[in-house]
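Asker: Chain by chain, the residues run as shown.
Number of protein chains: 2
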Amino acid sequence: MLFPSRLIEEAVSEIAKLPGIGKKTAMRLALHLIKQDKSYTSSLTLALDNLRNNITYCLDCNNISDSDRCQICQSAMRDRTLVCVVEDSRDVIALENTGQYKGLYHVLGGVISPMQGLGPEELNIKSLMDRVEAGSIKEIILALSPTMEGDTTSFYLYKKLKDKPLKISSLARGVPIGGELEYADEVTLGRSIVTRTSVQFD
Amino acid sequence: MLFPSRLIEEAVSEIAKLPGIGKKTAMRLALHLIKQDKSYTSSLTLALDNLRNNITYCLDCNNISDSDRCQICQSAMRDRTLVCVVEDSRDVIALENTGQYKGLYHVLGGVISPMQGLGPEELNIKSLMDRVEAGSIKEIILALSPTMEGDTTSFYLYKKLKDKPLKISSLARGVPIGGELEYADEVTLGRSIVTRTSVQFD
Chain A
1 MLFPSRLIEE AVSEIAKLPG IGKKTAMRLA LHLIKQDKSY TSSLTLALDN LRNNITYCLD
61 CNNISDSDRC QICQSAMRDR TLVCVVEDSR DVIALENTGQ YKGLYHVLGG VISPMQGLGP
121 EELNIKSLMD RVEAGSIKEI ILALSPTMEG DTTSFYLYKK LKDKPLKISS LARGVPIGGE
181 LEYADEVTLG RSIVTRTSVQ FD
Chain B
1 MLFPSRLIEE AVSEIAKLPG IGKKTAMRLA LHLIKQDKSY TSSLTLALDN LRNNITYCLD
61 CNNISDSDRC QICQSAMRDR TLVCVVEDSR DVIALENTGQ YKGLYHVLGG VISPMQGLGP
121 EELNIKSLMD RVEAGSIKEI ILALSPTMEG DTTSFYLYKK LKDKPLKISS LARGVPIGGE
181 LEYADEVTLG RSIVTRTSVQ FD
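In order, the protein sequence lines correspond to chains A and B. Residues 1 to 202 in the working numbering are what the first sequence spells out, letter by letter. Residues 1 to 202 in the working numbering are what the second sequence spells out, letter by letter.
Isolated chain A (complex conformation) (with noise of 0.2 Å):
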């Protein structure tokens, strides 16, 4: 691609390194911005780096924070006893979109993956552990996803923890809601016949 200018070249190798943007988007944002006002570069500019030299991570559960302890930690309205294990930050958002679990969290930062080259040592385990030990945790909720990774830690959590004074539980898995039988798949919809619960309309 040839650039007009090597402003333009610039700014696009660097937005082009952003994920899932490639050359003709960047070429696109950056045409953008030259016809925006220069207070809009100027407000996205500083909250990226505001984003990126301020943001810290969680003492306790290592989600991504403002502060030494996330808003999740602080708050008074938490079941405490109550401690779900996530990937990364982004599942603590999703389950946190749904409204629907008020305990705490703790954010692995990765999974067990040796393709990857990470071994549980990369990971947030042994804060975990260290939470566990405290003692006032009563249920440890494994929500990993059900991928290969995913389930080979939920099996190595789960073998850490099994002796623990506490109850070691995993997200439901079954067919979606709204999801049309005929086009879950196998390992789902077979899981979820062996699995199934008793229904009782009221």
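In case anyone wonders, no lab produced these hints; they're calculated from the structure. From the three backbone atoms N, C-alpha and C, an ideal C-beta is built for every residue, glycine too. It is possible that part of the hints are untrue.
Distance windows between CB atoms, simulated [stated by the list, open to error]: (1) B:G174 / A:Y40: 37 to 45 Å; (2) A:V194 / B:P19: 28 to 36 Å; (3) A:G190 / B:L181: 45 to 53 Å; (4) A:S67 / B:P176: 52 to 60 Å; (5) A:L189 / B:T98: 17 to 25 Å; (6) A:T197 / B:L181: 20 to 28 Å; (7) B:K38 / A:I177: 55 to 63 Å; (8) B:N50 / A:L2: 17 to 25 Å; (9) B:P19 / A:L189: 35 to 43 Å; (10) A:T152 / B:L2: 27 to 35 Å; (11) B:K35 / A:D130: 21 to 29 Å.
Go by the hints and put chain B onto chain A.
Answerer: Frame of chain A; chain B shown alone:
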């Protein structure tokens, strides 16, 4: 959408103002930046600030440029008797990428569009007429999009230019190269048979 941090919320709301990027993609980009080295965010924001604050427009052709005269207008390799009139800088990039054109450009900055309140006075038409008056131009190529607004603008320019001592041409219209006839739209196909060209295979 719930945000785990005010910094993320601000960054997401700024990123989501970009065209074609919604809140979910903005969140994905913000979380991506957090995971990368700080130097990446700083070089991205530096490139964007540099772009927005230092970019300027060529005084001759109105193309985006790093200095008062764009690289194309400065080049000694260009045919200065030939000027291609386009809607915006993206069209210059598209034509330059073909490598088939060696003349100069004139960027109108839009097309006549009463719906968007764009009349001839809002476009860079006076500067085009000034270039024509200067006398060295022998051919003007009208390379505007074949839309109603583009055709209106071409017709307006044609009327202003037709009594000047220069040739007026437009891009060839026809079946795209590599396109299959059965998928070509009726207007293009009809026009391409009316304006058929003679063939000679050697």
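Asker: Now, for every hint given, state plainly whether the structure supports it.
Answerer: Here's how the hints hold up against the structure:
At roughly 41 Å, the beta carbons of B:G174 and A:Y40 sit within the given window of 37 to 45 Å. Take A:V194 and B:P19: their Cβ atoms lie about 48 Å apart, and the range 28 to 36 Å is violated. The hinted range of 45 to 53 Å is satisfied by A:G190 and B:L181, whose Cβ atoms lie roughly 50 Å apart. Remark: the range hint 52 to 60 Å for A:S67 to B:P176 is upheld by a beta-carbon distance near 58 Å.
Between A:L189 and B:T98 the CB atoms are about 53 Å apart, so this pair departs from the stated range of 17 to 25 Å. With their beta carbons about 59 Å apart, A:T197 and B:L181 fall outside the hinted range of 20 to 28 Å. Restraint check, B:K38 to A:I177: a C-beta distance of roughly 41 Å breaks the suggested window 55 to 63 Å. A hinted range of 17 to 25 Å for the beta carbons of B:N50 and A:L2 is consistent with their spacing of about 20 Å.
About 41 Å separates the C-beta atoms of B:P19 and A:L189, a value consistent with the hinted range of 35 to 43 Å. Under the hint 27 to 35 Å, the C-beta atoms of A:T152 and B:L2, about 30 Å apart, fit the expected range. A hinted range of 21 to 29 Å holds for the C-beta pair B:K35 and A:D130, which are about 24 Å apart.
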